[in-house]
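Asker: Each chain, letter by letter, is given below.
Protein chains: 2
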Amino acid sequence: MKPAIDFYFDFSSPYSYIASEWVEAVAARHGRAVQWHAILLGATFQAAELKSPVSHPIKREYSIRDFGRSARFAGLPYLLPAKFPIATQNAARVFWWLNDSASPEQATAWAHAGLRAYFTRGVDLSDAAALRALLAASGIDAAGAEAAWTDPLWKDRLKRENDAAIAAGVFGAPFFVVDGEPFWGNDRRPQIEQWLSGQADFSHTVM
Amino acid sequence: MKPAIDFYFDFSSPYSYIASEWVEAVAARHGRAVQWHAILLGATFQAAELKSPVSHPIKREYSIRDFGRSARFAGLPYLLPAKFPIATQNAARVFWWLNDSASPEQATAWAHAGLRAYFTRGVDLSDAAALRALLAASGIDAAGAEAAWTDPLWKDRLKRENDAAIAAGVFGAPFFVVDGEPFWGNDRRPQIEQWLSGQADFSHTVM
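Just so you know, the protein sequences line up as chains Y and C, in that order. The first sequence begins at 1 in the working numbering and counts up by one. The second sequence begins at 1001 in the working numbering and counts up by one.
Source of the hints: derived by calculation from the structure; they are not laboratory data. Every residue, glycine too, gets a C-beta built ideally from N, C-alpha and C. It is possible that part of the hints are untrue.
Unchecked claim - Far from chain Y, some chain C residues (derived; all Cβ distances over 12 Å):
#: 1; residue: Ala1028
#: 2; residue: Ala1109
#: 3; residue: Asp1127
What the hints assert, rightly or not - Label-pair distances were calculated between CB atoms; the ranges are:
#: 4; chain 1: C; residue 1: Asp1179; chain 2: Y; residue 2: Ala82; range: 25 to 31 Å
#: 5; chain 1: C; residue 1: Arg1060; chain 2: Y; residue 2: Arg60; range: 19 to 25 Å
#: 6; chain 1: Y; residue 1: Arg132; chain 2: C; residue 2: Arg1060; range: 40 to 46 Å
#: 7; chain 1: C; residue 1: Pro1003; chain 2: Y; residue 2: Ala129; range: 48 to 54 Å
#: 8; chain 1: Y; residue 1: His30; chain 2: C; residue 2: Ala1109; range: 38 to 44 Å
#: 9; chain 1: Y; residue 1: Ala129; chain 2: C; residue 2: Lys1155; range: 56 to 62 Å
#: 10; chain 1: Y; residue 1: Asp179; chain 2: C; residue 2: Gln1046; range: 35 to 41 Å
#: 11; chain 1: C; residue 1: Gly1198; chain 2: Y; residue 2: Ala129; range: 42 to 48 Å
#: 12; chain 1: C; residue 1: Ser1055; chain 2: Y; residue 2: Ala168; range: 18 to 24 Å
#: 13; chain 1: C; residue 1: Gly1139; chain 2: Y; residue 2: Glu181; range: 39 to 45 Å
#: 14; chain 1: Y; residue 1: Gly198; chain 2: C; residue 2: Arg1060; range: 27 to 33 Å
#: 15; chain 1: Y; residue 1: Val54; chain 2: C; residue 2: Ser1101; range: 40 to 46 Å
As the list claims (entries may be wrong) - Quick partial rundown of chain Y residues pointing at chain C, CB under 10 Å, derived from the structure:
#: 16; residue: Ala48
#: 17; residue: Leu50
#: 18; residue: Asp66
#: 19; residue: Arg69
#: 20; residue: Phe73
#: 21; residue: Glu181
#: 22; residue: Gly185
In isolation and in its complexed conformation, chain Y is listed as follows (with noise of 0.2 Å):
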């Protein structure tokens, strides 16, 4: 088996849902596994001292009409959600929470039941009641995953995700590490996969 590819995103992160949508079948194609890594991009903005696209004047207007645009070329449902930008260290310690009790399997589950819901219908993550009901008709253990959300341990590991994803160069979302290759964004998904086929020869930059 060849290494799993690195995937990085965040709750709030359009482009993320969009590359969520794609990510495994790309990978399942090459042949690879896909490890997911909740990361708040707050954090990662910090580090490289960015802001948010909608935070920028100008960008802001293009930003989100290309949400939308880029998501249609997808073929995806999307809806840009009344409360955007929201917080999403709940729904990210929830999913490491899930990741180290229960399986990658049941978390990654739980990231793309987030991001459809934020994403296609709107449901805030940042807020507890609707947080809790997601879970619930997630079928995951609501009670359980706000006693994760709220407990320092979980908050711990989120943290240290962060700074495990700073330090392996990702400063923005979606964010993509294959074979030590960083990509970053939704659309290097034409590279990435030129890359998984094995055709690229592209990997030493000249400068």
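Please arrange chain C on chain Y, whose structure you already have, making use of the hints.
Answerer: Just chain C, lined up with the frame of chain Y:
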């Protein structure tokens, strides 16, 4: 004839160089002309409160790697110039002088010559002597060009182009406007091609 594609570029933008090598062919396949616009990224960055990707920690290293990788993905020669980024107002003023005084075709030829010289041979377009030599080698009246780039008339022409670009929503480069639809980045090529093919049903942003 359908409306021309507006193509905004900066002589110091690697992704503009890559896009400059495909925009004419893609446009021609769909019966479109291209209206080239030399602009200064510094002006659009200021308006959108942005900085160059290489001014950000962590993102800097990724970007330098991605410039060369993306060029190779597009099948283009590329070399990160020893001096990068550079001030490009003189090269841009020459572009507008040629566009208005000679022809848009000669301005486009200069755009190609300047971008290729900088990104494949590291010719420093911010250096007056290097710029004069490149102009002469490109069959352009170097003395006339230098007179233009120091002339308030052409300084003002470029300033008005920057202002017009910002008013049109441009905040980075390359930037394309097709039938009023804005596309930012070399990596929006697949969406642009789909738009031009008339098969795109992603024009109306659902929010």
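Asker: Next step is simple, just say for each hint if it's right about the structure.
Answerer: Quick rundown of the hints versus the structure:
Listed as a non-interface residue, C:Ala1028 keeps its Cβ farther than 12 Å from every Cβ of chain Y; the least gap is roughly 22 Å. Against chain Y, the non-interface label of C:Ala1109 holds: every CB pair exceeds 12 Å, the least being about 26 Å. With a closest Cβ-Cβ approach of about 20 Å to chain Y, C:Asp1127 is found to remain outside the 12 Å limit, as its non-interface label requires. Against the hinted window of 25 to 31 Å, the Cβ-Cβ separation of C:Asp1179 and Y:Ala82 comes to about 29 Å, which satisfies the hint.
Between C:Arg1060 and Y:Arg60 the beta carbon distance is about 24 Å. The supplied range of 19 to 25 Å therefore holds. Between Y:Arg132 and C:Arg1060 the beta carbon distance is about 41 Å. The supplied range of 40 to 46 Å therefore holds. Taking the beta carbon of each, C:Pro1003 and Y:Ala129 are about 50 Å apart, inside 48 to 54 Å as hinted. Taken as a hint, the range 38 to 44 Å holds for the pair Y:His30 and C:Ala1109, whose Cβ atoms sit roughly 42 Å apart.
In this structure the supplied range 56 to 62 Å holds for Y:Ala129 paired with C:Lys1155, their Cβ-Cβ distance being about 59 Å. Between Y:Asp179 and C:Gln1046 the beta carbon distance is about 39 Å. The supplied range of 35 to 41 Å therefore holds. In this structure the supplied range 42 to 48 Å holds for C:Gly1198 paired with Y:Ala129, their Cβ-Cβ distance being about 46 Å. Roughly 21 Å separates the CB atoms of C:Ser1055 and Y:Ala168, a value that falls within the hinted 18 to 24 Å.
Look at C:Gly1139 against Y:Glu181: about 41 Å separates their beta carbons, and that is inside 39 to 45 Å. Y:Gly198 and C:Arg1060 have their C-beta atoms about 29 Å apart, which keeps the hinted 27 to 33 Å range intact. At roughly 41 Å, the beta carbons of Y:Val54 and C:Ser1101 sit within the given window of 40 to 46 Å. Hint status for Y:Ala48: holds, given a least beta-carbon distance of 4 Å to chain C, under 10 Å.
Residue-level restraint check for Y:Leu50 holds (minimum Cβ-Cβ distance to chain C is 6 Å; threshold 10 Å). With 10 Å as the threshold, the beta carbon of Y:Asp66 comes within range of chain C, its nearest partner Cβ sitting at about 7 Å, so the hint holds. Interface hint at Y:Arg69: satisfied, since its Cβ lies 5 Å from the closest Cβ of chain C, which is below the 10 Å cut-off. The interface hint given for Y:Phe73 is met, as the beta carbon of that residue sits about 5 Å from the closest beta carbon of chain C, less than 10 Å.
Residue-level restraint check for Y:Glu181 holds (minimum Cβ-Cβ distance to chain C is 8 Å; threshold 10 Å). This hint holds: Y:Gly185 has a C-beta 7 Å from the nearest C-beta of chain C, less than the 10 Å allowed.
Checked against the numbered hints above, the structure violates none of them.
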